[in-house]
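Asker: Chain residues, written in single-letter form:
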Amino acid sequence: MGEAVYTNDFNFPGQLHAHVLRSPHAAAKIKSVDVSGAEKVSGVVRVMEGAEAAELLNPIPHYIDPAVFGGRSAKIRCLAKDHVWCFGQPVAVVVAEDKRTARYAASRIVVDYEVTTPVIDPEEAVKDGAPKVVPDWDANMIMQVPFANGDADAAFEAADRVIKTDVKVHRFSTQPIETRTYNAVYDAGTESVTLYGTVQNPHPLRNVLSKILRMPENKIRIHAPVIGGAFGMKMHGHPEEGLMCLLSKVTKRPVKWVEDREECLLIGAREQVHSVELAVKDDGTILGLRDHYIANTGAPSACPGWGMAFLTGLTMPGPYAVTDLDVMLSAVVTNKPSWNASRGYGKEVTALALELSIEHAARELGIDPVDIRMKNFIAKDQFPYDSPTGLIYDSGDYAGVLEKALEAVGYEDWKAQQAQARKEGRYIGIGIGYELTPEGGTLPGTMVAGYDSSSVRVGPDGSVRVLTGVTTPGSGNPTGIAQIVADELGVPLDSIEVVQGDTTTCPYGFGNSSGRSTIVGGGSAAKAAQEVRAKIIKVAAALLQAKDEDVTMVNGVISSKGGASIDLEEVCYACYTRAYDVASVIEPPLEATATFKPGLVRHTPNEKGQINPYPSYSNAAYVAISEVDVDTGQVKLLKFSAAHDCGKVINPILVEGQACGAIMFGIGGAMSENIEFDANGRQLTKNFMDYVMPRIGDMPHVALAHHDSPNPVTYMGLKGAGEAGVGGSAAAVVNSVNNALSSFGVMMTELPLTAPRVWAAIQEAKKSAGSQREGA
Amino acid sequence: MEDMLEDTVLVNLRINGKPHELEIPPHTSLLDLLRDDLNLTGTHMGCMTGHCGACTVSIDGRVAKSCITLAATLGRAKITTIEGLTKEDGTLSAVQHAFWDEAGFQCAFCAPGMLLCTSELLEGNPDPTDEDIEKALAGNLCRCTGYQSIRRAVKAAIASNKQAAE
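Chains as they are written, first to last, in the numbering used here: chain A, 3 to 778; chain B, 8 to 173.
Calculated directly from the structure, the hints in this document are not laboratory data.
None of the values given here were measured: they were computed from a predicted structure.
Check the hints yourself; a few may be wrong.
What the hints assert, rightly or not - Label-pair ranges, simulated between beta-carbon atoms: (1) B/33 with A/17: 18 to 24 Å; (2) B/173 with A/557: 46 to 52 Å; (3) A/26 with B/28: 40 to 46 Å; (4) A/137 with B/104: 57 to 63 Å; (5) A/557 with B/85: 45 to 51 Å; (6) B/134 with A/655: 24 to 30 Å; (7) A/330 with B/139: 51 to 57 Å; (8) B/77 with A/426: 49 to 55 Å; (9) A/330 with B/137: 47 to 53 Å.
Claimed, not checked - Derived DSS-like pairs: lysine-lysine, alpha-carbon spacing no greater than 25 Å straight-line: (10) A/641 with B/162; (11) A/563 with A/540; (12) A/377 with A/417; (13) A/638 with A/170; (14) A/638 with B/142; (15) A/769 with A/166; (16) A/638 with B/162; (17) A/641 with B/142; (18) A/529 with A/650; (19) B/85 with B/162.
To be verified - Anything over 10 Å on all C-beta distances counts as not near chain A; from chain B, calculated: (20) 16; (21) 27; (22) 81; (23) 141; (24) 147; (25) 167; (26) 172.
Just so it is clear, CB atoms sit at the ideal spot from N, CA and C, and this is done for glycine as well.
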């Protein structure tokens, strides 16, 4: 151990180090940039500012271009030119012999800014006369998208009551412990560049870099070594990717850049304001849903973060059988730093908006929170289910999943404990959250692809190498893929090596995103393994003088029905060396490449213009038990359960790891993680003292149950296990706190629930209860 | 300022049992010395403010954050890094084994902190409580596991140590 090699562990002869100078203002015109002070520092090799970079580099192509979906698209530069549109935007870069010199020299660059008024609040940004974030846009709006179906007005007309809930989800992000790192190595001899980097999607990045650098793709190699967590943050579009390649080209030396934590915290996500209205009958039946929501996506970026806002609306109304829908997205730009993709990819906000609203409705109607959900779930015999936004849910049993989560936490027992605690003056709460997290997403006309490819190669010695287009963010998917190949081939697990993340050796692939890696990486590797197995069996049959169908291969031992057996290695050697003899029945070598393309996806719009970008609809229920100290507002989580339908489970330990990790994101987001700004749009959250992530003592034990309803269109019924957990668990935590404080009438729907906020809500509720008594 | 960058000091350290004499700029962190000067890249940079614990090493038998420790202040200290946990013959320590068996890591970037802090805990206390475990690992952030498999790994290490002692 300690031997895993991460990007920052690579150093090459002549290694240089880069430091990026960033804007201290949220909005400003750049009047001039004077780099001469930096150039004078001993050890500095090259300094570059925005005007020169704009000459040498094309703008960064968007990962998901809003223009493809009818939205506004901005030109994204690696370094700001003429103006800056957010705090932390790269303005200049210094390359030096060591990182400290680069950092020091950057402080000697003089930028003359003319500071302008920033727009930080998304509701202010859409008002007439608001300052423009992108100078040549006519509004601060990427796009407005309606997700409408049926007749919402009629549903609201027919309702006994309308329950309105304002849900405010703050800015929080993924923060892998390994920050982004790039090391570009230009080779003047072949006029090619190799980028070693923390990259989730090497092949698509190669395409993007070819456009930025004006080089053909076959002169660019991306190598993504072991990655120390990604969660979406290492999806590309970042300015430093192209910049380091250029700097290596102009200095003719390797150039490395390591993001510091303060820079990593600049990458935002998730910030949305919802005003959910539920049209309900007195018995809890939900007739209609209205939600016009605003996403503050920050300044434009080439990264795929803004798409999260779209997914939030697309996955409404989650697991509930509501068909009359009036949902409208406003994806707004402001002078906050940009978003990037974050685990959950917008679906976590869907879960928060829905689950907090349903809890609110249950309280208002005096219905049990379990009953109201059971009443409105899509029934298990309704699959495949056409959702009102055009999605096709493959399979599910939502009621069954919730029952398992309740059982796993000991729901009835906790209800008794809650009642007992209340008598003792303690405040225990029980909260439920449900979430639907479609995985394996694919968008037409973008590099977000639904399929992927793998090659399986068996050598003359019988050892197996799997080369796959999917990559791992450190989640263990190579283990899952190796297991699948071991089973399909019939060889021992330790004879298999999985190779990922290298554009030169691996088949063209789309990396990791959207919980897809085991679905398509595993699925394609299985198909390739089956082809190779057939070849091995044929030659083995010839050697054993048996029929193909009478030969079996289990754990590397090949035997015939007649009882004769032969070593895998002997057969493989024969496959390569006896091509004119026993191996003439096959075409060497023992290699196959296959692609897995799951069904159910529909990119041709239906009559309503809707597409279904997902093959797979994982879902999960969460139950949180918390105790609130009403004197301090502090919340302690006592117990947690999750029941997860991620289809067939390949490796329970990997799935547990994914689930518990995602739940921690939800708990952290609900309780403490928050990126804050001052009134001028300067980011205040700079390190892990400010950005408070759960530590070991903050995490309760998670009782995990599986409830598998296999996906009919994927290999072995896989659904994907990477994304579920963030929103449902956050909702369960918030609901548990509100449940604990229900006797005060507290209903908090603005996150995060920090102790001061919880305390203030209790005081507020006490005060208003007191004034009501006085009034009466 | 330019001149300051060129000052150096001489430090003597024993790292993973081997003596080292190094001339370094006075502002060099122990983390940079290990990674950049000695190529001991198992120690990781996560935050440079001492909050995440990916840079954890053991200094004279106590765990410390190497990113906020100036190497020049460590005259003749004995330092163990994650590379030093593995035995000379290449076999894993009981703690390393337990983390491996129980999938205590996903991306493993936090591994130095988790392994060194657990090792220190078990050296001083063969039978730690849950609270002791939480205290020992309070300085180490993991972003992948939700800590569930880490707790299980620590408990497996305790059990295996007990078994070995019997």
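Asker: If a hint holds in the structure, say so; if it doesn't, say that too.
Answerer: Structure-based check of all given hints:
{"no.": "1", "hint": "B/33 with A/17: 18 to 24 Å", "verdict": "23 Å, holds"}
{"no.": "2", "hint": "B/173 with A/557: 46 to 52 Å", "verdict": "34 Å, violated"}
{"no.": "3", "hint": "A/26 with B/28: 40 to 46 Å", "verdict": "42 Å, holds"}
{"no.": "4", "hint": "A/137 with B/104: 57 to 63 Å", "verdict": "60 Å, holds"}
{"no.": "5", "hint": "A/557 with B/85: 45 to 51 Å", "verdict": "47 Å, holds"}
{"no.": "6", "hint": "B/134 with A/655: 24 to 30 Å", "verdict": "26 Å, holds"}
{"no.": "7", "hint": "A/330 with B/139: 51 to 57 Å", "verdict": "53 Å, holds"}
{"no.": "8", "hint": "B/77 with A/426: 49 to 55 Å", "verdict": "52 Å, holds"}
{"no.": "9", "hint": "A/330 with B/137: 47 to 53 Å", "verdict": "48 Å, holds"}
{"no.": "10", "hint": "A/641 with B/162", "verdict": "19 Å, holds"}
{"no.": "11", "hint": "A/563 with A/540", "verdict": "14 Å, holds"}
{"no.": "12", "hint": "A/377 with A/417", "verdict": "21 Å, holds"}
{"no.": "13", "hint": "A/638 with A/170", "verdict": "22 Å, holds"}
{"no.": "14", "hint": "A/638 with B/142", "verdict": "17 Å, holds"}
{"no.": "15", "hint": "A/769 with A/166", "verdict": "22 Å, holds"}
{"no.": "16", "hint": "A/638 with B/162", "verdict": "23 Å, holds"}
{"no.": "17", "hint": "A/641 with B/142", "verdict": "19 Å, holds"}
{"no.": "18", "hint": "A/529 with A/650", "verdict": "17 Å, holds"}
{"no.": "19", "hint": "B/85 with B/162", "verdict": "28 Å, violated"}
{"no.": "20", "hint": "16", "verdict": "15 Å, holds"}
{"no.": "21", "hint": "27", "verdict": "18 Å, holds"}
{"no.": "22", "hint": "81", "verdict": "19 Å, holds"}
{"no.": "23", "hint": "141", "verdict": "4 Å, violated"}
{"no.": "24", "hint": "147", "verdict": "8 Å, violated"}
{"no.": "25", "hint": "167", "verdict": "16 Å, holds"}
{"no.": "26", "hint": "172", "verdict": "23 Å, holds"}
When the structure is compared with the earlier hints, violations turn up for hints 2, 19, 23 and 24 and for no others.
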